[in-house]
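Chain order of the listed sequences is U and A. Residue 20 in numbering that gives the first Met the number 0 sits at position 21 of the first sequence; the count goes up by one each step and never skips. Residue 165 in numbering that gives the first Met the number 0 sits at position 166 of the second sequence; the count goes up by one each step and never skips.
Do not take every clue at face value.
As the list claims (entries may be wrong) - Below, in silico cross-link-like pairs of lysine-lysine (DSBU-like), each with a Cα-Cα straight-line distance of 35 Å or less:
# : chain 1 : residue 1 : chain 2 : residue 2
1 : A       : Lys369    : U       : Lys30
2 : A       : Lys107    : A       : Lys184
3 : A       : Lys210    : A       : Lys185
4 : A       : Lys324    : U       : Lys30
5 : A       : Lys157    : A       : Lys147
6 : A       : Lys210    : A       : Lys118
7 : A       : Lys24     : A       : Lys547
8 : A       : Lys369    : U       : Lys70
9 : A       : Lys185    : A       : Lys147
Stated by the list, open to error - If you want the footprint, here are the derived chain A segments under chain U, 3+ residues with CB under 8 Å:
#  : stretch
10 : 350-358
11 : 365-378
Calculated from the structure, these hints are not laboratory results. Note that CB positions come from ideal geometry on N, CA and C, so glycine has one too.
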Amino acid sequence: MTERRILIVDDELEFGSTLAERLELRGFTAKAVGGAGEAVTLLASGWAPDVVVLDLMMPGVDGLATLDLIKQHDPRIQVIILTGHGSTESGIVGMQRGLFDYLMKPVDIGELIARINEAAAQ
Amino acid sequence: MSTNLSPRPKFPLFCGISGKDLSPKTRYKCMRNSLLIVMLAITIIPLSVASGLNFIQYQQLLREDSQTNARWNAESARATINAYLEKMEAAITVVIDTYSFEDLSDIKKLELIFKQLKKEHQGLVDLSVVGPDGIQSAYVGPYRLAGKDYSDSLWFHKALARRMYVSEVFTGFRNMPHFVVAASKKDSYSEQYWVLRASIDTETLDRFLAKADTEVLEDIFLINDSGILQSSSRYHGGPMEDFRLSRKPKQNDILIFEEMRGDSSFYRAVSRIPNTPWLLVLDQQGAEARKIWHSFKARQLFTLAICFLISGGVVFWLARFLAGKFREADEARDRILSETEHSNKLASIGRLAAGVAHEINNPLAIIGEKAGLMQDLVGLDQDFRYREKFLNQLASLQNAVGRARTITHRLLGFARRMEPSLTVVQLNEIVQEVLSFLEKEAAYRNIDVFLQLQKDLPVIMADHGQLQQVFLNVINNAIDAIRSDGAIHITSSRENNKTVMVAISDTGPGIAPEIMKNIFEPFFTTKANEERKGTGLGLSITYGIVQKLGGEIEVSSEVGVGTTFIISFPIYSGGESDDRA
Numbered sequence: 000m001t002e003r004r005i006l007i008v009d010d011e012l013e014f015g016s017t018l019a020e021r022l023e024l025r026g027f028t029a030k031a032v033g034g035a036g037e038a039v040t041l042l043a044s045g046w047a048p049d050v051v052v053l054d055l056m057m058p059g060v061d062g063l064a065t066l067d068l069i070k071q072h073d074p075r076i077q078v079i080i081l082t083g084h085g086s087t088e089s090g091i092v093g094m095q096r097g098l099f100d101y102l103m104k105p106v107d108i109g110e111l112i113a114r115i116n117e118a119a120a121q
Numbered sequence: 000m001s002t003n004l005s006p007r008p009k010f011p012l013f014c015g016i017s018g019k020d021l022s023p024k025t026r027y028k029c030m031r032n033s034l035l036i037v038m039l040a041i042t043i044i045p046l047s048v049a050s051g052l053n054f055i056q057y058q059q060l061l062r063e064d065s066q067t068n069a070r071w072n073a074e075s076a077r078a079t080i081n082a083y084l085e086k087m088e089a090a091i092t093v094v095i096d097t098y099s100f101e102d103l104s105d106i107k108k109l110e111l112i113f114k115q116l117k118k119e120h121q122g123l124v125d126l127s128v129v130g131p132d133g134i135q136s137a138y139v140g141p142y143r144l145a146g147k148d149y150s151d152s153l154w155f156h157k158a159l160a161r162r163m164y165v166s167e168v169f170t171g172f173r174n175m176p177h178f179v180v181a182a183s184k185k186d187s188y189s190e191q192y193w194v195l196r197a198s199i200d201t202e203t204l205d206r207f208l209a210k211a212d213t214e215v216l217e218d219i220f221l222i223n224d225s226g227i228l229q230s231s232s233r234y235h236g237g238p239m240e241d242f243r244l245s246r247k248p249k250q251n252d253i254l255i256f257e258e259m260r261g262d263s264s265f266y267r268a269v270s271r272i273p274n275t276p277w278l279l280v281l282d283q284q285g286a287e288a289r290k291i292w293h294s295f296k297a298r299q300l301f302t303l304a305i306c307f308l309i310s311g312g313v314v315f316w317l318a319r320f321l322a323g324k325f326r327e328a329d330e331a332r333d334r335i336l337s338e339t340e341h342s343n344k345l346a347s348i349g350r351l352a353a354g355v356a357h358e359i360n361n362p363l364a365i366i367g368e369k370a371g372l373m374q375d376l377v378g379l380d381q382d383f384r385y386r387e388k389f390l391n392q393l394a395s396l397q398n399a400v401g402r403a404r405t406i407t408h409r410l411l412g413f414a415r416r417m418e419p420s421l422t423v424v425q426l427n428e429i430v431q432e433v434l435s436f437l438e439k440e441a442a443y444r445n446i447d448v449f450l451q452l453q454k455d456l457p458v459i460m461a462d463h464g465q466l467q468q469v470f471l472n473v474i475n476n477a478i479d480a481i482r483s484d485g486a487i488h489i490t491s492s493r494e495n496n497k498t499v500m501v502a503i504s505d506t507g508p509g510i511a512p513e514i515m516k517n518i519f520e521p522f523f524t525t526k527a528n529e530e531r532k533g534t535g536l537g538l539s540i541t542y543g544i545v546q547k548l549g550g551e552i553e554v555s556s557e558v559g560v561g562t563t564f565i566i567s568f569p570i571y572s573g574g575e576s577d578d579r580a
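So that you can see chain A by itself, here it is in the shape it has in the complex (with noise of 0.2 Å):
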């Protein structure tokens, strides 16, 4: 086992394409965690840059549609207030281009002006007839304004330069916040200007303005340029209070730009009315302040967020799915490895080993036959001296060649490459037999044999002698391994549909784990020091066997409890049972 291991980091990533240095369960962690970080990248990366896409394109939309719908509601409001404008001019211009200024002074005939007027246009306070010297010569209204002097009003003398005045909102004598529309005509007879006024006051400019009130609507107020209101505003106070705008547009073009309140932005609309002293500003909620816009982010983010679960869940499911895959190929290719490295150096080791016998056999056989010569000839010489002591020696040397003649016949045993002699083999059969060899060994040592063999076991496709060669050895190997005092358990059983298994358990010390990695290498005893002593062929040559035969043999052994074998070996398809035959 390799000792030589990096530390292993605690959450080990990117760790090299080899990941040499590494241990295979950290190597492998590895994978699946930069597997994991790759494909998480691959799909999450993309996932976010379009829905950030998305967000982005989706926010300038709004923001155009929040400008175009501001842009549209001022509009609105401006056609509204030109509307109500332009009609109360063409009444007061019907009036003034009916009447004189002598009919018009007449109190009743005013009245009578005033009341129909009135029903027509709704915020109409009062009307008057202004003289020429500015003196109000006739008032038909809730103030007492009759007679006043309007000879230093502004309002006055532009109306008598304009045709159609529209006032700034002022208090003026009636103390209260107010604006006019005013007409003046020249009278025929004095050939001098005189005027008409309507008084109109600031609720009505209020109760049209608030008919353009949405539901993304803030704000909507007029002012003159001098930064007075001349209407009420929800965020700035009442008419004639000061308000400073930042940008005023030229002519008659709606200005949009943005303003923030607070922390939010909203958009202002500001348009000139045609023909008054007025500006339109209009404030409507920003983009990022509309439901819509809460309501994309929310499923927005809500989408995102199951994208992301399943993406993940899927990602990480992947990851451990392909590095398990990664990881049962390597094992299977190492297996694979490990087998052809064994089946070659049995190959080698088999060559080897018939060449080494046969050049030992030579010279085994004259060191034998020279033996026998002086045996033969010492034997007939009866009065040689030292006969007796000579014909022992000889016989020890015969004995010594014998030894080495039998290790010689096992390696060559070993080499041996012919093919099996295959015939219909029932493995409960063989087992028997071979026990009927064995059991006297283990009675001599007082080792229990347990047999638990299945009835009806299919029979297999194998070569009879080789079998018995198996399990002669595993089960030889048992009774070494116990000594004496002890069990044997053997159990044969169908392990599934294709194949059949004899385990072979024994009470012995086990095998350690270092030594189990070589327990099928040629030559490799644990039995060197011993009584009995072996080749190191037993295990290596069952194991080519078996494998020869189509078969497995894997064993499992714990120190101070005892081995097993089980050897299983293809069921064939040709017969069942000899028990049912």
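With the rest of the complex left out, here is chain U (with noise of 0.2 Å):
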């Protein structure tokens, strides 16, 4: 099995460094940046991530912003949206759009690499 690359967009950066050292730990490659300017930067600079676990209420650009600059980047990318806002209408938007899943904070580790799994295989 391939390395499989995750970049974690969320404003709170404690809980977005710790999961990403936690998806290091279980053999990704995983990065975490704070808001969607940065990860559009990354992605520009040519670092291709398999899945982006995204939250959905951040400051500035929100997470349904955010996916659809995903998506015009590369559609292949597969987006999670992990968000502690428990709106269904978000999460329907969302999937609308192209979105994969849509988790609620707090989540557990292994439903959450479950989904990043099933996410890249698409």
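Given two chains presented individually in distinct reference frames, assemble the corresponding complex, making use of the accompanying hints.
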């Protein structure tokens, strides 16, 4: 199995970096950035993730707009929203824009990895 | 419940527009009484005034009628007496003009004339001729009066002075009340005046006066100016007795005035009889003594009493009806306000819950991830001295994060405002599905569940999942209320043509009235200190779902007996029953 690359976009850097570290421990290549700007810059630099784990409520560009930017850059990149906000409506809108899944924080690492693997297999 | 109420008045009336200090029962009683008084006043006062005016007007009319009647009767009686006297005077005039003193002094001739006159003039007692010297020269009649000297008699001199004279009533030589009609004539030989005199008894006057008697006549008689009765009176005695007349008419007018006899009033008409010394006095019943007045009063009182009874009855009914309608309207308004308030509260709390859950979820996720990373790192280090202890502590931390996550996810579930996905649902099936989840729990606690589900129960339109949540919450609450050893009865039935209902009764301890009013409030829980802790959202979510699906939820409870929840939903008109389909 090739090493899967995961990008975590979350304004809660403590969360993003910790999650990235845990994913690294499980054999993933994971990077955490604090917002849409950094994510787009990273993607533009040529680093192509298999799956993006994206927060929904972020200052500036929110999760759904970031999803659009990612999909515009490369529609093959699968995106999973991981949010503390339980708005099913946002989930439905995201699905309509090419979102792979919608998960609620706090999430069990096992469940998240299962979803990431499913997304990467797409 | 408010306890700061004013003391309850015995007959509450006009207790202010709001009546805020009174209990609702007293306030509506007050409203009813106030309406009753006001409506009675506006119906009975005009009725009484109209009736009173009618009464006074009729009395006035009747008085005028009585006075007119008295005047007419007096005129009639005066005309009768007048006619009699004129006829008598005419006859005497004919005799005295036809015959000389010499002729009439012949007793036989006088007797013939007397007989003729007596045939035509009732009451004529005797006829006599009195010479210029006052000595009666000829007399025909029942008394022995021939040769009597009238030279000292007033009537004789008045007869000489006038051509014709009608005397007052007097007793004279015969000692019997009578009056005379006398005419005088100058003798052509002696050039002296002599007199022809006719005596008439007073009974004749009584007879003529009696002709005027009517139903309303009380008395009719004649008097002279000196107040001596000239005829018989019903109340004042016979002729020659004294009578005091308070007022006398001037000239030939008829004077009418009111007099009192005992307690009752009457009208007195007094009139002079022309060319006589007499006054006619006629007493007639007062208006208030007449039969027609009594009958009018009785009719008036009867009509008034009937009107009072009818209007009183109608007003009483109307006041009760209106107060009842006000009460119903107020109760409906309060209910709607309360429901709106509850819905608004649910919506506000929903927004608050979503915000709180979101804010908590993020730090919770950091805690979870940090703890997870520590677990990962410690797990990798086999030589770490406190490895097991650390792993145990971190597992507890993750467990606590998991519990917190359950709560925040439930909060978000409460806040979620997604439209339900409506399908045709059979309530009996939902109840049975929910029971399949809970029957183990019930059996474990030794709780018997009795089902009485109506066959052919009409279907409803609802969200299957949300309905499951409704019944899960209510039945779960029933199990929690009983704790152990009890029974739950679940009944489904068609309530009416429009709704179906499911009743869930438990044999739990019941809900105290002060708790009952809060049970649908969010975060209100009675299980805070119990083993199975509650979030206080179950019944609130249930209430919200039932409302959203167009249904109703009612609860009744008796402490020590149990609690019954009745959940009803509108029947889906597109289909009758799954069983029938």
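Hints, one by one, checked against the model:
1. With a CA separation close to 16 Å, the supplied pair Lys369/A and Lys30/U stays within the 35 Å bound.
2. Restraint check: the Cα-Cα separation between Lys107/A and Lys184/A comes to about 21 Å, which is no more than 35 Å; the hinted pair holds.
3. Annotation: proposed proximity of Lys210/A to Lys185/A is violated, straight-line Cα distance about 38 Å (limit 35 Å).
4. About 72 Å separates the Cα atoms of Lys324/A and Lys30/U, which puts this hinted pair outside 35 Å; it is violated.
5. Between the alpha carbons of Lys157/A and Lys147/A the distance comes to roughly 18 Å, so the proposed pair stays at or under 35 Å and holds.
6. Restraint check for Lys210/A and Lys118/A: the C-alpha separation of about 20 Å stays at or below 35 Å, so the hint holds.
7. Between Lys24/A and Lys547/A the CA atoms are separated by roughly 34 Å; this keeps the pair inside 35 Å, and the hint holds.
8. At most 35 Å may separate the alpha-carbon atoms for a hinted pair to count; Lys369/A and Lys70/U meet this at roughly 30 Å.
9. Between Lys185/A and Lys147/A the alpha-carbon distance is near 21 Å, which keeps this suggested pair within the 35 Å criterion.
10. With 4 residues having a beta carbon nearer than 8 Å to a beta carbon of chain U, the stretch 350-358 of chain A meets the requirement of three or more and the stated coverage holds.
11. Given as covered by chain U, the stretch 365-378 of chain A passes the check, having 9 residues with a CB less than 8 Å from a CB of that chain where 3 are the minimum.
Figure legend: structure checked against the earlier numbered hints; hints not met, in rising order: 3 and 4.
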